[in-house]
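Heads up: the sequence lines are chains X and C, in that order.
Counting from 1373, one number per residue, gives the positions in the first sequence under the working numbering.
Counting from 779, one number per residue, gives the positions in the second sequence under the working numbering.
Treat the hints as calculated values from the structure; they're not laboratory data.
Heads up, some of the hints might be wrong.
No more than 30 Å apart at the CA atoms, straight line, and that leaves these computed lysine-lysine pairs for DSS-like [unchecked claim]:
no. : chain 1 : residue 1 : chain 2 : residue 2
1   : X       : Lys-1416  : C       : Lys-834
2   : X       : Lys-1387  : X       : Lys-1450
3   : X       : Lys-1383  : X       : Lys-1416
4   : C       : Lys-884   : X       : Lys-1416
5   : X       : Lys-1383  : X       : Lys-1450
6   : C       : Lys-804   : X       : Lys-1434
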Amino acid sequence: EAGVAQSPRYKIIEKRQSVAFWCNPISGHATLYWYQQILGQGPKLLIQFQNNGVVDDSQLPKDRFSAERLKGVDSTLKIQPAKLEDSAVYLCASSFSGRNTDTQYFGPGTRLTVL
Amino acid sequence: SQQGEEDPQALSIQEGENATMNCSYKTSINNLQWYRQNSGRGLVHLILIRSNEREKHSGRLRVTLDTSKKSSSLLITASRAADTASYFCATDGDSNYQLIWGAGTKLIIKP
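For reference, chain X alone in the conformation it holds in the complex (with noise of 0.2 Å):
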């Protein structure tokens, strides 16, 4: 079964930047997770998907963050513009129906530092 896959998996930008991930979940996972994670910390969930539908996002910056997932499926994350903060690992996962009984799978993650 293939995994949660995320590209890329570096990225470097200047501040004020624009950047975006992509996240395949596994095939059939109806839910999809982004997570931030600053280096020492724990996960982080900045958005959290139902099929197409957002079911917590409660704590994306909406300012400057920004995610979609079309026909439920893929997904990207943007952040315009980015500051320095913004510097942490982007985690997608991505679980089966989404109750907090599933595991949750998590992809490589994307290292994002932001000069």
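Since the structure of chain X is already known, use the hints to place chain C on it.
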């Protein structure tokens, strides 16, 4: 918001020894999960324990849950170099769809 807090923040032991790390949480839960994160395999689910369970085993892993103390422990027996990783607990939040993560315990296994 952070629900689970792992303790210790970092742990270094010799290969072959047992490693114990703890997770404390603030509000009542229905279930608690442990995940491992290393550079090779990323973040991987280890085990889930429900609030009506006191102990679960999976291979060399043993997880206990004490709901009266709002704490859980993860024991890794006969540690190996491959166990070097950060270990996170994650608890359910206010809804059936929310998972809240702790800051993790960094475990180093010395050869």
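- Item | Numbers of the earlier hints that this structure fails to satisfy, in rising order | Those not satisfied: there are none.
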